[in-house]
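Q: For the protein sequence lines, the chains are G and S, in the order given.
Residue 840 is where the first sequence starts when you use the numbering used here, and the numbers rise one by one after that.
Residue -9 is where the second sequence starts when you use the numbering used here, and the numbers rise one by one after that.
Read the hints as simulated data drawn from the structure, not as lab findings.
Hints are not guaranteed to be accurate.
Stated by the list, open to error - Footprint (simulated), chain S over chain G, 3 or more residues, beta carbon under 8 Å:
| id | region |
| --- | --- |
| 1 | 852 to 863 |
| 2 | 1060 to 1066 |
Said to hold, decoys possible - As a list, the in silico SDA-like pairs of lysine to any residue whose alpha-carbon atoms are at most 25 Å apart:
| id | chain 1 | residue 1 | chain 2 | residue 2 |
| --- | --- | --- | --- | --- |
| 3 | S | K42 | G | N1065 |
| 4 | S | K42 | S | G104 |
| 5 | S | K42 | G | V1066 |
| 6 | S | K42 | S | V213 |
| 7 | S | K181 | S | Q80 |
| 8 | S | K219 | S | R203 |
| 9 | G | K1139 | G | L1162 |
| 10 | G | K1001 | G | Q944 |
| 11 | S | K42 | S | D16 |
| 12 | S | K42 | G | E1056 |
| 13 | S | K181 | S | D16 |
| 14 | S | K42 | G | L1162 |
| 15 | S | K42 | G | A1067 |
| 16 | G | K1139 | G | Q944 |
| 17 | S | K181 | S | E215 |
| 18 | S | K42 | G | Q1057 |
| 19 | S | K219 | S | I473 |
| 20 | S | K42 | G | Q944 |
| 21 | S | K42 | S | R(-4) |
| 22 | S | K42 | G | V1166 |
| 23 | S | K219 | S | A171 |
| 24 | S | K42 | S | S318 |
| 25 | S | K181 | S | P67 |
| 26 | G | K1139 | G | V1166 |
What the hints assert, rightly or not - From the derived model, a few chain S residues whose C-beta atoms are all more than 10 Å from chain G:
| id | residue |
| --- | --- |
| 27 | R7 |
| 28 | M62 |
| 29 | G97 |
| 30 | E160 |
| 31 | P319 |
| 32 | S344 |
| 33 | R362 |
| 34 | G391 |
| 35 | G426 |
| 36 | L456 |
Keep in mind that this is a model prediction, so the values were computed, not measured.
We put the beta carbon where it would ideally sit given N, CA and C, even for glycine.
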Amino acid sequence: MTSLQTPVRETGTLGARYGTFMNRRASLMPTFAAIAILIILLIGAQLRFGNFLTPGNLSALLLDNAYLIVLAVGMTFVILTGGIDLSVGSVMAFTGILGASLLSQGIPVYIAIPAMLLGGALIGLLIGVLVQYFNVQPFIASLAGLFLARGLAFVVSLASIKVEDPAVLWLQRTRISFGGWYITPTVIIALVTVAVAVFVLHWTRFGRTVYAIGGGEQSAHLMGLNVARTKVAVYVISGVCGGLAGLLLTAYSGAGYPRNGIGTELDAIAAVVIGGTLLTGGTGYVLGSLVGVLVYGTIKKIISFMGAEQSWTQIIIGILLLLFIVVQRVIVARSIRRRT
Amino acid sequence: MEPAARPLLELTGATVRFGSENAIDDVDFRLFPGEVHSLMGENGAGKSTLIKAITGALPLATGVLRLDGEQMRFSSPHDAQRAGISTVYQEIDLLPNVSVAENILLGQEPRRGGAIDWRRMRARAREVLAELGLQIDPASLLGTHSLAVQQLVAIARAISTDVRVLVLDEPTSSLDLDEVAELFRVVRELKLQGVAILFVSHFLDQVYELCDRVTVLRDGRFVGEYLTKELLRIDLVQAMLGRSATALTAPTKATDAVEKGTPYLTARGVTAGSGIADADVDLFESDVLGVAGLLGSGRSELARAISGIDRRDSGVIRIAGRDGTPHSPRSAMSLGVVYSSENRRTEGIISHLSVLDNITLALQADRGAFRRIPAARRRELAASWVDALDIRPPDLDRPAGTLSGGNQQKVLLARLLALSPRVLLLDEPTRGIDVGAKVEIQNLVGEMAANGLSVVFISAELEEVLRVATRVAVLREGRVVSILSSDDLTVDSLMALVAQPDELDEPDVPDE
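With the hints as constraints, model all of the structure from the sequences given.
A: This is the structure we're talking about:
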């Protein structure tokens, strides 16, 4: 055996096991860091406030951020390919007001909801086509999508539209309780979205192609993977997630509002990055993005517990984001040094 | 292994055109199953074009490709892959962020009920790797492995489908000796399985160690096909470098047998990466130093190290009467040392800028962004150079990319000469240029030396080197073997020096 061989199983010493683990799962490290931060935040808040870690609070954490979880899932797909989608906040607002408007005109909910998803999908398709076939930078293409969606939202309505439809309201109002915990259909939808995304990304060729594009588009193409279709598809997925988030947000607030979601795409990006997905693409996990959203939500809650202004949330998220990017660089650099 | 009677891959009369030029012209090529075949030739000989024709990346203008007797026409690399021709490129085209198993099997993953069956994928990957005698953890990320291992995984991917022809493009360039040995073991393993292997490399030793047969190309034409055990190294080099057929008028050589005096630039112990090691060179004014050696011998690396283009790992460069040493292109320029790259297109001409801009570029760069050369002065300067070097067409506003190769080279020369340099290093200035323009440039070199410049002239054509240079530095495998007066050399003796030391006596003419 030459020095080139890497034995699959060595003597089972802790060091050898760690080495094999690192070789297989090095990309998990940033996500572990995110989980660590979340735990530290939760414990820290509990120590500080004493009544932070209650089942009610934690359930509310999921409920308040269900829409962001869905957005972060879609954003993860896009960022894994090395792209970015700035339009999701506006798409969420557009589909939200669109749905509210359709419902208020008496259109049944089983048409309104698919229409919302379709609206998101079409904007995503437009962005995807611009990126793949017209070689537009994802930043610019999705910026165009942002303006388009926001404009369309205002076209639908300049003012908010209340939603009275019982089906939509059911999504939010129903609470399934066990112990002090409760969960709503919106949270279930969000978590199912996460589960589906995990399956797609880790058990289908499409999902592996997403990672492959992030690892090297040329190489993925040479390997015979369908790069073009996949690249367009991730933007469509992000658009559909935007539409779904629109539904969740509309259910949550009871109304569609064209000025919703201004800047929300940045929250989604922050959550994804905190969760361990590298902006350069190819590395990251949807579960990490879920953790990232929880970190975001926890910080928001801590700020409100402290009675400080909500704008502190953004400052802290900004600092955290910077910290995470630095930590990511260190981890990546160390893993590169490990193998030489 | 005895080759079968019929070749597995056969190319007859192949021509590939780029625009109006034939990149390869009427080339024949045969590959038998179970043999390792090498494709050899200097830069620009047509090797990569031939490979791209075989692997379907380029279409054949004329000629027939037969695989196992059946005529085939590939319209894309995927077609060739499906027919059983796989390529492993020098730049490893794999995904560092996913596992080894995925890199081998993505595209043909084992599935179970619509989802990827990871266990079976890892098992299959382990099988494929075992076929090559490799034990690599299939679940590990590819990026955690060294380049050598990644290359072996690339080969594993290539053989995971039913491969009949495996093309290895410069596989050993970034490998150390152990890794090369491992690669050779794997290749011999594949030989036994009947795979035909096309091994493209410029390392003569490796070719002789591994390959059964060699095909030599020169200037896009087929020179010959030989058995390595019957081919002397010197004959191989002769086939690769060849002799120009036409007799050309003798250019004005720089004043020879002049009392040299102190060198203008001395370089001692120059080492840069793995390209050049421990080189000692003296450059004199009014002198042309020719640099001769095979591909990979370190000619460009030496010039680039001396002129500050590449970072030197060690070595001292002293310039007479000046403080400072060339450690970057800017500092070299300010010391009067300029370099003209062999990659005219990518490191020389800026195709979409005009001739005027191309010529005055370096001069303006030297002055900085705030001391603009007035437009009228720029035009006058450029016009005078176009005139002096006879650049055709003499249109200053034409995009430089529309000029012929020879005129582009002259534009580059004008750019460098506008800096009033003292040392001019020219890397393959006449490559890809027609005969008439070649002579013009050779004459220009003579004139420049007569005007006091010190010129370093690198070329793969030994005749040209002898014609132009007063002294010749012979490089082999990254070392300066000797520096001789060109009067003492003939094309044959120079070729012998360039080829292989063991076949001849050590050169007994000492360095000057």
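Q: Each of the hints needs a verdict: does it hold here or not?
A: Evaluated hints:
1. 852 to 863: holds (count 4)
2. 1060 to 1066: holds (count 4)
3. S:K42 / G:N1065: holds (22 Å)
4. S:K42 / S:G104: Between K42 of chain S and G104 of chain S the Cα gap is close to 36 Å, so the pair fails against 25 Å, i.e. violated.
5. S:K42 / G:V1066: Satisfied, since the Cα-Cα distance of roughly 22 Å is no more than 25 Å.
6. S:K42 / S:V213: holds (19 Å)
7. S:K181 / S:Q80: holds (21 Å)
8. S:K219 / S:R203: holds (8 Å)
9. G:K1139 / G:L1162: Holds, at about 18 Å.
10. G:K1001 / G:Q944: holds (11 Å)
11. S:K42 / S:D16: Since the Cα atoms of K42 of chain S and D16 of chain S sit roughly 15 Å apart, the hinted pair holds (cutoff 25 Å).
12. S:K42 / G:E1056: holds (20 Å)
13. S:K181 / S:D16: violated (29 Å)
14. S:K42 / G:L1162: Measuring from Cα to Cα gives roughly 47 Å; hence the hint is violated.
15. S:K42 / G:A1067: Holds, at roughly 23 Å.
16. G:K1139 / G:Q944: With Cα atoms ~36 Å apart, K1139 of chain G and Q944 of chain G exceed 25 Å; violated.
17. S:K181 / S:E215: holds (20 Å)
18. S:K42 / G:Q1057: OK: K42 of chain S and Q1057 of chain G at ~17 Å, within 25 Å.
19. S:K219 / S:I473: violated (32 Å)
20. S:K42 / G:Q944: violated (62 Å)
21. S:K42 / S:R(-4): Roughly 23 Å between the alpha carbons, so the hint for K42 of chain S and R(-4) of chain S holds.
22. S:K42 / G:V1166: Not OK: K42 of chain S and V1166 of chain G at ~43 Å, beyond 25 Å, violated.
23. S:K219 / S:A171: Distance of about 20 Å is within 25 Å: holds.
24. S:K42 / S:S318: violated (36 Å)
25. S:K181 / S:P67: holds (23 Å)
26. G:K1139 / G:V1166: Holds: K1139 of chain G and V1166 of chain G sit about 22 Å apart, inside 25 Å.
27. R7: With a cut-off of 10 Å, R7 of chain S remains clear of chain G, as the shortest Cβ separation is near 24 Å.
28. M62: The claim holds: M62 of chain S sits with its nearest Cβ about 19 Å from chain G, beyond 10 Å.
29. G97: violated (5 Å)
30. E160: holds (17 Å)
31. P319: holds (29 Å)
32. S344: S344 of chain S clear of chain G: closest Cβ-Cβ about 27 Å, beyond 10 Å.
33. R362: Holds: least Cβ distance 33 Å, greater than 10 Å.
34. G391: holds (22 Å)
35. G426: G426 of chain S clear of chain G: closest Cβ-Cβ about 40 Å, beyond 10 Å.
36. L456: holds (43 Å)
Comparing the model with each earlier hint shows violations of hints 4, 13, 14, 16, 19, 20, 22, 24 and 29; every other hint is respected.
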